[in-house]
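Chains as they are written, first to last, in the numbering used here: chain A, 1 to 115; chain B, 1 to 116.
Worth flagging that the hints you see were computed from the coordinates, not collected in a lab.
In this text, a Cβ means the ideal position worked out from N, Cα and C, and glycines have one as well.
Keep in mind that a hint or two might mislead.
A few chain A residues that face chain B, going by a derived Cβ cut-off under 10 Å, partial list only [stated by the list, open to error]:
id: 1; residue: Leu-70
id: 2; residue: Val-73
id: 3; residue: Glu-103
id: 4; residue: Gly-107
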Amino acid sequence: EAGVAQSPRYKIIEKRQSVAFWCNPISGHATLYWYQQILGQGPKLLIQFQNNGVVDDSQLPKDRFSAERLKGVDSTLKIQPAKLEDSAVYLCASSWSVYGEDEQYFGPGTRLTVT
Amino acid sequence: AQTVTQSQPEMSVQEAETVTLSCTYDTSESDYYLFWYKQPPSRQMILVIRQEAYKQQNATENRFSVNFQKAAKSFSLKISDSQLGDAAMYFCAYRSAWSGNTPLVFGKGTRLSVIA
Numbered sequence: 001e002a003g004v005a006q007s008p009r010y011k012i013i014e015k016r017q018s019v020a021f022w023c024n025p026i027s028g029h030a031t032l033y034w035y036q037q038i039l040g041q042g043p044k045l046l047i048q049f050q051n052n053g054v055v056d057d058s059q060l061p062k063d064r065f066s067a068e069r070l071k072g073v074d075s076t077l078k079i080q081p082a083k084l085e086d087s088a089v090y091l092c093a094s095s096w097s098v099y100g101e102d103e104q105y106f107g108p109g110t111r112l113t114v115t
Numbered sequence: 001a002q003t004v005t006q007s008q009p010e011m012s013v014q015e016a017e018t019v020t021l022s023c024t025y026d027t028s029e030s031d032y033y034l035f036w037y038k039q040p041p042s043r044q045m046i047l048v049i050r051q052e053a054y055k056q057q058n059a060t061e062n063r064f065s066v067n068f069q070k071a072a073k074s075f076s077l078k079i080s081d082s083q084l085g086d087a088a089m090y091f092c093a094y095r096s097a098w099s100g101n102t103p104l105v106f107g108k109g110t111r112l113s114v115i116a
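Chain B on its own, in the form it takes in the complex:
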């Protein structure tokens, strides 16, 4: 079974600075998807960025980018120019690309605080 580990329960960053959230995962599969979701206090899970394992190029979405290290099974999220609205829980998630049964497997999350 796949597992996702987020080793940082809490992180903080000054507004306009850069922060990196860590994620590692364990799988025996070669093809899969990795995601970062944001969950604000409203509880709505919002997709921030996704990475296909077969792509070597790291995904980017505006101020959000990832560092995907397939051999190390590492998938970190970098938030540049942090804004107050970035404060939330961030979840790293894994999803198989092979099976027709493809639920998301989540880590325990990292709570990000943004300091004005």
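Excised from the complex, chain A in its bound form:
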């Protein structure tokens, strides 16, 4: 079974530029998560999708971050304009459903550096 795919693996941009990350979850997984992991901290949820609907985006900075999951499969996370404090690893995860017993499978992450 193929795992969660993410691209790019690394991205360096200047502040005020825009950037987009892509995630392809495990086939058949209805739930998709984007986490932000700042250096020295644990991952923090940004947004959660169930199929192509948003379940939770309460911690997404909506003035600069946006995310979509068209057709309930792939997802993109965009930052526009980027700030220095957005430097982090962005992890995508997927699971069969939203319920706690379902394991979340993580992708390799995208390391973003904003200069």
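Using the hints provided, position chain B relative to the given structure of chain A.
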């Protein structure tokens, strides 16, 4: 809101020895799941072990075992016969069993070094 605390930023262990990583959490819920994830330098989060709160028996997975103390809200990870490949960041995480909105809540992690 639930919180997870890992009080040991760094730990080290000699190869073949045993090490215990600590985790405490705060919740008002009675049913939930607890996890330990391993994150090597490749950044891929790998599930090590999980514990259902309604189960009194501590979970074990080969060399990994937990000490789950529900009343104390404590969830420690014991790694036996440590190997060089165990070196990584270890994150303790909480997940509600009740809500349909169940993201993982992570601690800040413990960096484990294994000394040959």
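A quick look at each hint next to the structure:
1. Using the Cβ-Cβ criterion of 10 Å, the hint placing Leu-70 of chain A at the interface with chain B is not satisfied: the shortest such distance is roughly 21 Å.
2. Taken as an interface hint, Val-73 of chain A does not check out: its beta carbon lies about 20 Å from the nearest beta carbon of chain B, beyond 10 Å.
3. Look at Glu-103 of chain A: its Cβ gets to within about 6 Å of chain B, closer than 10 Å, so that hint holds up.
4. Interface hint at Gly-107 of chain A: satisfied, since its Cβ lies 7 Å from the closest Cβ of chain B, which is below the 10 Å cut-off.
Checked against the numbered hints given earlier, the structure breaks hints 1 and 2 and satisfies all the rest.
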